[in-house]
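We have chain A; now place chain B onto it with these hints.
Line order of the protein sequences matches chains A and B. Position 8 (the first sequence) corresponds to 8 in my numbering; numbering is contiguous. Position 28 (the second sequence) corresponds to 28 in my numbering; numbering is contiguous.
Just so you know, the hints here were simulated from the structure itself, not pulled from any lab data. Quick reminder that beta carbons are idealized off the backbone N, C-alpha and C, glycines included. There could be a bad hint or two in this list.
If you want the footprint, here are the derived chain A segments under chain B, 3+ residues with CB under 8 Å [to be verified]:
id: 1; segment: 37–44
id: 2; segment: 99–110
DSSO-like, lysine-lysine: derived pairs with alpha carbons at most 27 Å apart [to be verified]:
id: 3; chain 1: A; residue 1: K99; chain 2: B; residue 2: K27
id: 4; chain 1: B; residue 1: K44; chain 2: A; residue 2: K1
id: 5; chain 1: B; residue 1: K51; chain 2: B; residue 2: K71
id: 6; chain 1: B; residue 1: K44; chain 2: A; residue 2: K42
id: 7; chain 1: B; residue 1: K44; chain 2: A; residue 2: K99
id: 8; chain 1: B; residue 1: K27; chain 2: A; residue 2: K107
id: 9; chain 1: B; residue 1: K71; chain 2: A; residue 2: K99
id: 10; chain 1: B; residue 1: K44; chain 2: A; residue 2: K68
id: 11; chain 1: A; residue 1: K68; chain 2: A; residue 2: K99
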Amino acid sequence: KQEVTQIPAALSVPEGENLVLNCSFTDSAIYNLQWFRQDPGKGLTSLLLIQSSQREQTSGRLNASLDKSSGRSTLYIAASQPGDSATYLCAVRQGGSEKLVFGKGMKLTVNP
Amino acid sequence: NAGVMQNPRHLVRRRGQEARLRCSPMKGHSHVYWYRQLPEEGLKFMVYLQKENIIDESGMPKERFSAEFPKEGPSILRIQQVVRGDSAAYFCASSPSRGTFTWELFFGEGSRLTVL
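Extracted from the complex, chain A is given alone in its bound form (with noise of 0.2 Å):
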């Protein structure tokens, strides 16, 4: 059974810092690996989703890595800012399968 576990389950930074988040998963027969943001009270905004076959995807500040034989996926966050804060969650979809499984997320908070 695929668990997705994401540690520290909060972190606090002061603007500027650059960050980086971590994800890790049990079973590596992933098929992709979804990064998501989520702000209090509202939906899932999709940042970055890195097939099983890639090493990493980036967009703006954001850039994704995975390490599919380690079980591992990093989300880095260039030069934070406050608007940067935000529950982040990672996901896997399993090879074969149509779920995505969740971590609980990483509350972020960048303080001005």
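Here is chain B on its own, set in the frame of chain A:
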């Protein structure tokens, strides 16, 4: 191109009543998924539907919960005889057909059910 639309955004029900949550997928998307987010928990898969078919309902409680995605109209998640433990945020997501390589999911804003 409107995103995934869910309504109502907030729903309050008393124990024993029925809750109906609606989801209209993004234009051109034929796959719909329902997920539930309990307080302090991650999102959990409930059901996956294509038009007029339930493909995978392995995450759906066996009793009181049902889902449909008719040929015309939105997908409906129905919860009968609600209990306090059903209080949660229910999210709908949609994706294009399998022919699309990325199979990326797009989520709605969610429907927040409170059972009194």
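We went through each hint and held it up to the structure:
1. 37–44: holds (count 4)
2. 99–110: It holds: at least three residues are needed, and the segment 99–110 of chain A offers 7 whose Cβ sits within less than 8 Å of chain B.
3. A:K99 x B:K27: holds, 21 Å
4. B:K44 x A:K1: holds, 14 Å
5. B:K51 x B:K71: Judged against 27 Å, a Cα distance of about 6 Å means the pair holds.
6. B:K44 x A:K42: Cα-Cα ~17 Å, so holds.
7. B:K44 x A:K99: holds, 9 Å
8. B:K27 x A:K107: violated, 31 Å
9. B:K71 x A:K99: holds, 22 Å
10. B:K44 x A:K68: Since the Cα atoms of K44 of chain B and K68 of chain A sit roughly 22 Å apart, the hinted pair holds (cutoff 27 Å).
11. A:K68 x A:K99: Given that 27 Å is the threshold and the Cα spacing comes to 18 Å, the pair holds.
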